[in-house]
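Here the protein sequences line up with chains A and B, keeping their order. Counting in the working numbering, the first sequence runs from 1 upward without gaps. Counting in the working numbering, the second sequence runs from 1 upward without gaps.
Honestly, the hints are just simulated from the structure, not real lab data. Worth double-checking, as some hints may not be accurate.
Stated by the list, open to error - Quick look at which bits of chain B chain A covers, simulated, 3 or more residues with Cβ under 8 Å: (1) 25 to 39; (2) 42 to 50; (3) 132 to 144; (4) 184 to 190; (5) 232 to 243.
Cβ coordinates follow ideal geometry from the N, Cα and C atoms, glycine included.
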Amino acid sequence: MPQFKFNRDPVEVQEGDKPEQAELRAEAEAREAVMTFVLGLVAEPVSLKYLYDPPRDRLAEVKGRQVLDKFNCAGCHLVRPGVYDLKEDDPRVQKSLKEAYRAVQSSFASDHRFPDHNAWVGPSQTEADLQAGRLVAHGISRIEPDPEDDEGKRKILYLTLTEALHIPRDLRGDDLGADLPAPTTLGLPEGKLSEVLLSRSDALGGTFGNLLVDYLIAQDKSKPEAERFYKDMDAARPAVPPALLREGEKVQSAWLYQFLLNPIKIRPMARLRMPKFNMSPSEAQALVNYFAAVDSMTNPGIDLTFPYETIPQRDERYWQERNQEYVSRLTQPMKEERLKALEPLWKNELERMREMDPAKQKEQLAAWQKQWWDQDVYAVDAYRLVANYNTCLGCHQVGDRKPNNLAAQGPLLSLAAERLRPGWTERWIANPKRFWYLSNNSPMPQNYAQDTPPDRKLFDGVPIQQVRAVRNVLMDFPQIHDMPANRNYRPKAEPAGGR
Amino acid sequence: MMRTVYAMAVLGSLLLAQANPVAAEDWGKALKGQVIWDGGEVPKPMPINVQGNMDGPKCLAAAKGKLVYETWVVNPKNKGVRWTFVWLAPEEAGAKLPIHPDLQKVPDKPEVMDQPCCMFEPHALGLRQGQELLVKNSANFAHNTRYNGHPAKNPGRSVLIPAGQELAIKELVADRFPVSVKCDLHPWMSAWVRVFDHPYFAVTDADGKFEIKNVPAGRYRLMVWHETGFLGGAEGRKGMPITIEKDQVTDVGALKMKPLDK
Chain A
1 MPQFKFNRDP VEVQEGDKPE QAELRAEAEA REAVMTFVLG LVAEPVSLKY
51 LYDPPRDRLA EVKGRQVLDK FNCAGCHLVR PGVYDLKEDD PRVQKSLKEA
101 YRAVQSSFAS DHRFPDHNAW VGPSQTEADL QAGRLVAHGI SRIEPDPEDD
151 EGKRKILYLT LTEALHIPRD LRGDDLGADL PAPTTLGLPE GKLSEVLLSR
201 SDALGGTFGN LLVDYLIAQD KSKPEAERFY KDMDAARPAV PPALLREGEK
251 VQSAWLYQFL LNPIKIRPMA RLRMPKFNMS PSEAQALVNY FAAVDSMTNP
301 GIDLTFPYET IPQRDERYWQ ERNQEYVSRL TQPMKEERLK ALEPLWKNEL
351 ERMREMDPAK QKEQLAAWQK QWWDQDVYAV DAYRLVANYN TCLGCHQVGD
401 RKPNNLAAQG PLLSLAAERL RPGWTERWIA NPKRFWYLSN NSPMPQNYAQ
451 DTPPDRKLFD GVPIQQVRAV RNVLMDFPQI HDMPANRNYR PKAEPAGGR
Chain B
1 MMRTVYAMAV LGSLLLAQAN PVAAEDWGKA LKGQVIWDGG EVPKPMPINV
51 QGNMDGPKCL AAAKGKLVYE TWVVNPKNKG VRWTFVWLAP EEAGAKLPIH
101 PDLQKVPDKP EVMDQPCCMF EPHALGLRQG QELLVKNSAN FAHNTRYNGH
151 PAKNPGRSVL IPAGQELAIK ELVADRFPVS VKCDLHPWMS AWVRVFDHPY
201 FAVTDADGKF EIKNVPAGRY RLMVWHETGF LGGAEGRKGM PITIEKDQVT
251 DVGALKMKPL DK
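Sequences are here, hints too, so could you generate the full structure?
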């Protein structure tokens with residue numbers, strides 16, 4: 001490549017100079033002039049209209065991705081679902097969609113539907129997608145042998161949806177379209193993927209978690225049956241690093257920030273602890289913003305806010321309103337039953353005041369009872385749902401009460417108030433399966449199914465009211481747990497023996 | 001005129017064939033056999049370790065101290081293997097089995113699975129597609145029933161069943177993939193359900209014996225599956241060819257089952 005020359009003017013050779021020297025001097029002067037011009041340009045501010053000004057969420061996503069990459073978070077955790085463009089008019093896709101819809105329909109009766117959430121209702125397909133015959137599905141894929149193939153050669157790509165897929169076409173016999181909620185699984189022929197998919201971009205992250213699941217199951221196979229714990233994927237999955245999908249929707253920003261700087265043990269079932277990465281406060285903040293921003297963009301219906309969130313359960317008025325509504329719902333026998341249950345507690349307190357004038361004691365008892373009806377009955381009944389061996393206390397420690405099942409213990413419920421967001425907590429309790437994508441079923445069961453008659457002895461309400469009552473207690477757990485009626489409450493252990 | 005009658009007869013027979021494409025006129029009385037342990041020494045019942053579970057003592061009390069794994073239940077007297085699924089499959093993949101007129105209707109009565117003492121009873125259960133599976137909890141404490149089969153066909157659910165209540169499962173469809181049933185509160189609890197689109201299936205009894213009645217005569221494949229795998233390993237997925245004789249009881253004799261690791 002010939003050397004570039006900046007000097008285009010004729011060179012004037014001065015007396016005593018050689019022509020080459022004159023040329024070099026002129027070239028140096030020209031180069032300096034260009035450099036001065038370029039440096040002058042740098043100092044001049046670029047017009048704002050030429051600068052990219054991303055929306056806040058998008059900026060948070062970009063900055064967060066840089067931190068995710070720096071600390072290789074995707075090595076252990078599933079960070080982002082894959083995107084699969086299905087050929088909508090392909091008969092194999094149609095068959096798979098119909099089969100999946102039939103399979104998932106059975107869960108609708110027990111489900112509590114949240115129509116603004118993208119795990120239940122998928123976004124409408126764009127005009128361009130419809131014209132191209134494209135269905136955009138978000139999910140996680142895995143390839144497994146086709147159980148229908150006796151030879152064991154054919155394989156199937158199972159696509160588990162992490163977000164609901166809205167099908168504009170008729171799947172139900174009407175023209176309204178339908179939604180395949182998360183985590184519906186579609187089966188696509190692995191050998192013909194180019195015929196059923198227009199494009200495919202697999203999920204980001206989680207490889208180590210998947211390998212660890214396989215390892216735990218394989219390791220357990222060599223043990224005697226009595227010592228096996230990780231018998232299948234459902235049992236092994238809670239032991240590995242969790243997926244970080246919906247992390248922004250799930251956790252409170254302030255808690256996540258602290259956790260990233262100084263991780264603590266959350267899930268007793270986990271075989272690995274989150275290491276301390278010594279990330280800087282600004283890096284932790286970038287990650288916190290990333291998770292919230294991603295969920296805010298992909299799930300606009302839930303109105304996620306960050307870095308601050310509202311926890312209405314911390315407001316006294318919130319409890320008073322719930323209490324008022326609850327008391328108006330209770331029947332007279334229910335009220336009497338509750339009063340009777342609290343009599344020993346009040347009696348005990350009065351015993352301590354035996355020096356007091358009997359008339360004043362009576363006054364005090366009336367005051368307690370009034371406070372009970374005006375403020376406490378809802379919170380106390382809701383707490384009974386949580387401190388219950390049939391539900392939460394089965395697997396979670398509630399205050400100082402150990403759970404029934406120590407081997408498959410869930411996170412401490414006392415952490416929930418500072419860790420979880422109320423919206424996610426309600427949806428998780430209502431139907432955990434909608435948020436669990438990496439194995440068949442979540443370790444948390446659906447305790448308050450829509451179609452199951454609720455047990456009204458502890459808390460009077462339909463299943464969704466019970467879900468919200470549990471959510472409310474968890475969101476203000478330290479205060480509710482510390483109420484005198486709850487502090488001394490000992491849940492009844494069921495007697496031995498079958499019926 | 002004759003041509004018209006002939007054409008109508010052909011059309012009629014075609015329509016009849018379409019309405020019942022797998023009709024068979026010949027039926028065998030029954031198909032029976034016995035699944036026998038062929039893995040050397042008969043496995044002894046292995047007690048379940050319930051330590052670390054607060055319900056453990058209650059479970060042991062309810063089971064009168066006999067809480068054992070049911071993966072291998074082998075009768076020491078005749079080596080019969082219990083809880084093995086046996087079913088008929090058409091000779092050609094994708095074909096349908098003819099169904100005896102007496103068995104056409106899917107039973108209205110649900111199949112019941114209970115869990116009175118921290119074990120599913122029965123441990124293995126066959127079901128017709130469309131038939132209800134009723135999971136009861138007759139224990140005095142809660143159980144969580146988590147069931148799932150093929151992820152795209154029988155994705156299942158995980159539902160808490162409080163003491164004394166029950167869960168009706170109506171949505172299971174016929175599939176080659178078994179449905180696993182578990183309880184997360186008592187992790188040792190495990191059961192298997194298979195769903196069929198025909199009535200020709202059985203689960204072996206305490207002697208390892210099975211009997212399937214009113215079977216279609218002809219050549220079929222006999223599938224034998226235990227929760228540890230098919231009889232004969234991976235090759236067993238194709239089943240074994242059998243011929244069912246008309247108006248006879250077809251006895252396939254002893255089917256020797258060897259655990260895959262032996």
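Unsatisfied constraints (hint numbers, rising): Those not satisfied come down to hint 1.
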